[in-house]
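Hey, can you work out the whole structure from these sequences and the hints?
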Amino acid sequence: MDLAIKDVQRHLGKFAATIVGVGLLLSIVLIMNGIYRGNIYEGVWLIENSAADLWVVERNRGGPFNEQSRIPREIYKSVAAIPGVAKASPFVTFTVQRTTMGRDQQFTIIGYDIFGGLGGPGRIHDGRQIRQAHYEMVADIKLGAQVGDRVRLGVHDYTVVGLTKGAVDLGGNPLAYLSLSDAQEVLYQQDNEAIRASRAATSQRLERAGFTPDQVQKLLPLVSTGSDTINAVLVQLEAGTDPATVIRNAKDWLYLNVYTTAQESDIVLGGRLMRMNMMLGTFRTLLVIVSIVIIALLIYVLTVEKIKSIATLKLIGAPNWVIVRLIMEQSLVLTVASFAVAYVLVMLTYDKFPRTLFILPADTVMTFAVMLAGGVLASLLGVWQALRTPPSLALGG
Amino acid sequence: MAVLSVEGLSKVFGAGELAVTALDQVGFTVEPGELMALLGPSGSGKTTLLLCISLILEPTFGRIVVNGHDVYRDGRTGVDVRRFRRENIGFIFQSHNLIPFLSALDNVALAMQLNGVDKRTSRKRARNLLEYLEIGHRADALPANLSGGEQQRVSIGRALANEPPLILADEPTASLDTVRGMKVMSLLRKIAREKNSAVIAVTHDHRMIEGFDRVFQMNDGRLSSTGDAGRTITLAPTS
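Residue numbers (my numbering), protein chains in the order written: chain A, 1 to 397; chain B, 1 to 239.
Honestly, the hints are just simulated from the structure, not real lab data. Among these hints, one or two may not hold up.
Unchecked claim - Below, computed lysine-lysine pairings styled on BS3-like, alpha-carbon distance capped at 30 Å:
| id | chain 1 | residue 1 | chain 2 | residue 2 |
| --- | --- | --- | --- | --- |
| 1 | A | K14 | B | K183 |
| 2 | B | K183 | B | K195 |
| 3 | B | K124 | B | K183 |
| 4 | B | K195 | A | K308 |
| 5 | A | K14 | B | K119 |
| 6 | A | K308 | A | K6 |
| 7 | B | K119 | B | K190 |
| 8 | A | K77 | A | K87 |
| 9 | A | K251 | A | K77 |
| 10 | A | K6 | B | K119 |
| 11 | A | K308 | B | K119 |
| 12 | A | K308 | B | K124 |
| 13 | B | K190 | B | K124 |
| 14 | B | K124 | B | K195 |
| 15 | A | K165 | A | K6 |
| 16 | A | K165 | B | K183 |
| 17 | A | K87 | A | K6 |
| 18 | A | K87 | A | K251 |
| 19 | B | K195 | B | K119 |
| 20 | A | K308 | A | K14 |
Below, the structure written as structure tokens:
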């Protein structure tokens, strides 16, 4: 006779409520798994979907994601001339916060060479790639735009011609792709007042240096801060090329820093994402421990509730394994059923979270194994209580 | 042959000046089919005696023989205690102590299954036993849905499940009214006669004394006197 199942059947409502409660807790564990993996996935999505082998950035900089990197646009031509480089493309990335599609939201603008350059949107979910040099945009669906919508950035409207799905920056913000020149304009264009103030300051400096106003007017366009800079050059190597050689050439001759895509991912994971991942990992571990403790206490309470029955079982000669099985089976039923509730709940809701939940089967299986082992461990408290219960308790003595 | 023979049984709790003698050289025998009552005030050692007989408490000295087998002798238990209880002793409790999440039938069948009887046979025999105890119509009811008297009958059914030679009852009628108490007593008498089991019952219930074959009085751990409806038996503590 399976005493554990009989008890569950008898107290179905109580067990169901407990299972739902623990299930909700375990669903948070699974969600934390998803956030943890999603954080890593999103953190390196842009890097790994750029189709680049190397990332060329400003000398002594860890950019373009962990810190600012500014290099002249034209440098990409020099990079392209390095032996072994199949393609070199200018690349701009910056995050903005604008009121778009009726709400205030943060998104990252990617500027790339739309005529076959690297770093552009991969697969288009809806619509098409950017074909015109100006005023077209490909945006991720998370931005909330539809194909044909017009998005105001700076002084121009950009027409959304295509949509991507899952194209996000390190922080999970949607990406908006523009042509390189459009992106530079959005990034560097100042408002009229700022331009006026800058020109006035430059004029004063030149006049103090002894130039006449006429000369100053002629010199002004020449001494204005250039805005034709980019953040990185993305490089695709020719088949069979040793990346180390290209890296060495770029460092020695162009005075630039070069990272492989794997190194760039490591920089991001080890830098901006590290603390967040550590926090998520710690939180996830704590949640697992809390869940196991709660299951242990529930099993302990369930055992204490049955203590007189356990004493009676001992008195009428039930061997210890019958009692241990009763407690362990209930612990396993509670753990397995709660996990099933959590899994179903997460599977039904994971795509409704504001950030990507990346539910890996391996993580789910591992969490289940840990919870199962935890459930067995948790039942030990109940088993200990049951085994130390004297049979005389049934006689009231 | 006596079902139970107890010789010079003593139980001392603690040691030295703090030692408390709960049983002091108790001795008696119980024959098959015999109904024996243990009377006495609280703390006189009645329950301790039941606990020692069922090897829940280990006696300090003495000897216990069940069905001719030495189960305990001067500090040594010669049996697997749980198995010994399953096969030889049926328990009836004051508060019935039915497993609350099992039906009446399952409560009885469980005792058989613990003793190795297969599920199908045990359920069939349990149903027959409940019929015998005139509670077959309540076989599928949970204990919470049974009256006190019905619960006590199921408890008796569980005690009889493995046809033990000895039944120990702790205040079997204490939680019942007089009518139900009398019914339980007559049931115990019927069982003792028909199943040839010996019944030892601890009781405070003087209303039920007449139902027993022998009545033992316990005071301060000693069996000081006994009596029954028709005769008086004097038992001295064994030495």
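Going through the hints against the structure:
Restraint check for K14/A and K183/B: the C-alpha separation of about 37 Å exceeds 30 Å, so the hint is violated. The hinted pair formed by K183/B and K195/B meets the criterion: a straight-line CA distance of about 17 Å does not exceed 30 Å. Between K124/B and K183/B, the direct Cα distance comes to roughly 25 Å. Compliance with the 30 Å bound is thereby established for this hinted pair. As the CA atoms of K195/B and K308/A are separated by approximately 29 Å, the hinted pair is consistent with the 30 Å bound.
Only pairs whose Cα atoms come within 30 Å are accepted, and K14/A paired with K119/B is accepted, the gap being roughly 28 Å. Using a Cα cut-off of 30 Å, the hinted pair K308/A and K6/A holds, with the two alpha carbons roughly 17 Å apart. Among the hinted pairs, K119/B with K190/B is consistent with the structure: their alpha-carbon atoms are about 28 Å apart, no more than 30 Å. For a cut-off of 30 Å, the pair hint linking K77/A to K87/A stands: about 10 Å separates their Cα positions.
With a C-alpha separation of about 15 Å, the suggested pair K251/A and K77/A falls inside the 30 Å cut-off, and the hint holds. For the proposed pair K6/A and K119/B, the alpha carbon gap of about 14 Å is at most 30 Å, so the pair holds. As the CA atoms of K308/A and K119/B are separated by approximately 24 Å, the hinted pair is consistent with the 30 Å bound. Straight-line distance between C-alpha atoms of K308/A and K124/B comes to about 27 Å, which keeps the hinted pair within the 30 Å bound.
Straight-line distance between C-alpha atoms of K190/B and K124/B comes to about 22 Å, which keeps the hinted pair within the 30 Å bound. Between K124/B and K195/B the alpha-carbon distance is near 18 Å, which keeps this suggested pair within the 30 Å criterion. Taking the CA atoms of K165/A and K6/A, the gap is near 50 Å; set against the 30 Å cutoff, the hint is violated. Distance hint between K165/A and K183/B is unfulfilled; the C-alpha atoms sit about 79 Å from each other, more than 30 Å.
With a CA separation close to 70 Å, the supplied pair K87/A and K6/A exceeds the 30 Å bound. Distance hint between K87/A and K251/A is fulfilled; the C-alpha atoms sit about 18 Å from each other, no more than 30 Å. At roughly 23 Å between alpha-carbon atoms, K195/B and K119/B fall within 30 Å of each other, so this suggested pair holds. A distance of roughly 19 Å separates the Cα atoms of K308/A and K14/A; the hinted pair therefore holds under the 30 Å criterion.
Going through the hint list in order, the structure does not satisfy hints 1, 15, 16 and 17.
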